[in-house]
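Visitor: Same order as they appear, the protein sequences are chains A, B, C and D. Everything in the first sequence is counted per the numbering used here, starting at 1070 for the first residue and increasing by one. Everything in the second sequence is counted per the numbering used here, starting at 1070 for the first residue and increasing by one. Everything in the third sequence is counted per the numbering used here, starting at 1070 for the first residue and increasing by one. Everything in the fourth sequence is counted per the numbering used here, starting at 1070 for the first residue and increasing by one.
Derived by calculation from the structure, the hints in this document are not laboratory data. Do not take every clue at face value.
One copy or two, it doesn't matter: identical chains are merged, so the pair holds either way.
Said to hold, decoys possible - For lysine to any residue, the following SDA-like pairs were computed, each having C-alpha atoms within a straight-line distance of at most 25 Å:
hint : residue 1 : residue 2
1    : 1134      : 1166
2    : 1077      : 1153
3    : 1134      : 1071
4    : 1134      : 1167
5    : 1134      : 1168
6    : 1133      : 1110
7    : 1133      : 1108
8    : 1134      : 1108
9    : 1077      : 1186
10   : 1134      : 1109
11   : 1134      : 1118
12   : 1133      : 1100
13   : 1077      : 1163
14   : 1133      : 1111
15   : 1077      : 1187
16   : 1134      : 1173
17   : 1134      : 1110
18   : 1134      : 1116
19   : 1077      : 1151
20   : 1133      : 1109
21   : 1134      : 1197
22   : 1134      : 1073
All figures in this text were calculated on a predicted structure; none of them were measured in a lab.
Spelled out, the chains give:
Number of protein chains: 4
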Amino acid sequence: MQQSVSFKVYYEDTDSLGVVYYANYFKFMERGRSEFLTHQGRSVADWNADGFLLVVHSVQATFKKPAVLGDVVDIVTTFTVPSVYRGRFAQRVERAGELLVDGIVDVVCLDANQNLIEFPPQLRALAD
Amino acid sequence: MQQSVSFKVYYEDTDSLGVVYYANYFKFMERGRSEFLTHQGRSVADWNADGFLLVVHSVQATFKKPAVLGDVVDIVTTFTVPSVYRGRFAQRVERAGELLVDGIVDVVCLDANQNLIEFPPQLRALAD
Amino acid sequence: MQQSVSFKVYYEDTDSLGVVYYANYFKFMERGRSEFLTHQGRSVADWNADGFLLVVHSVQATFKKPAVLGDVVDIVTTFTVPSVYRGRFAQRVERAGELLVDGIVDVVCLDANQNLIEFPPQLRALAD
Amino acid sequence: MQQSVSFKVYYEDTDSLGVVYYANYFKFMERGRSEFLTHQGRSVADWNADGFLLVVHSVQATFKKPAVLGDVVDIVTTFTVPSVYRGRFAQRVERAGELLVDGIVDVVCLDANQNLIEFPPQLRALAD
């Protein structure tokens, strides 16, 4: 399932080159993952309360075109579970259908004591 | 005129005390000012393109209660022009009607060369 | 006692107007308060481990001149305890002796359960 | 040539899971690249003034262990120029010799009009 959510670019997101600062796209992407989960029925805070922490293990991203102040960007997210210990969010940042940033964010699942655990069935169920 | 806009609290906004980091409320407040302007017909980028830069001159804020991950906060904004060189945004950060942060943000108007100018009539017109 | 600590301005601190984003000065000021405490013998993490959380209650700041990419800014901090429930950091952000931002940050002390407590003697002892 | 620079972790860097927020490691890494350039003789602002903008094209990073409030992290940076249009910073975030984050940041060079150009000889000269 593909989930899309939109955010506006504010001054906080930009830098003195006049575009969105590269690290801030990862904030947008994290918002996209949060809304993906919420849209599927349980928020990040809900999962945390249940003792499941989704923590970023690795990322890769290519920055193709910059967003600027006032732009509305769409974060398009899909989720898969490639192994018992790894979830994968494929995420695109788009502006009016144009691809700005293309990324892969792999996450692991920790329990409430922040120990690595296998992805529980209820999280695997969110995958395509 | 009072304008309200809502934002969700994501991990990016929080700190290791488990609440929204104090400086980040000023990001929410700046989003509120941006949406106030947009709602009145012209965005920050529009004003900038016309050669009017609204720059923060001073702030005061009281942090009464903390917001946490997943909260939806409402930024409630009003605007006055107390003098020819000063605009004033009174802003509240609320959660379900409860006041979290109470702030005053005074702004000045610069021209495209970043020189101080009097508030132009079209910006004064946005005041109550 | 006055404590000064210096930081460089990086892209992360700037916005598309080409200057340091206003909310980010509060990050510099928080670093200044942290270094004030460390310089006095115990870090923020040390105080937290002892069950004392210093939380910002209110701020006021005036932005007089902007810092830009590559600037080195000095955060000059003094501390007083104006009442049993309130500590006050007076902070200046300077560049080569020139005042950029002038601020007052009032903090309260919480215990490990995040309940308000009187400033303990060992924190009052840090005041001038 | 390998360049190392150290930064402390402040509240601004952390999130409500009690560790450094993943996107903020990219801020530390950008500081590391900036200091790499400065150490080689010319700062980012110097290069920009000469009409050379180094812009991130792609990143990959693996987050192995988290940093927490008060940690001092070392950003260890090397630079190569794998092709005429691409510079590569290999960067590690370490704490007391322990690897926390391992990353690769590829950058392109833009001219003052933000058009893509070949890496100029003076930047290629910074590579190992």
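Visitor: Any hints this thing doesn't respect? Which numbers, in order?
Guide: 2, 6, 7, 8, 9, 10, 14, 15, 17, 19, 20, 21
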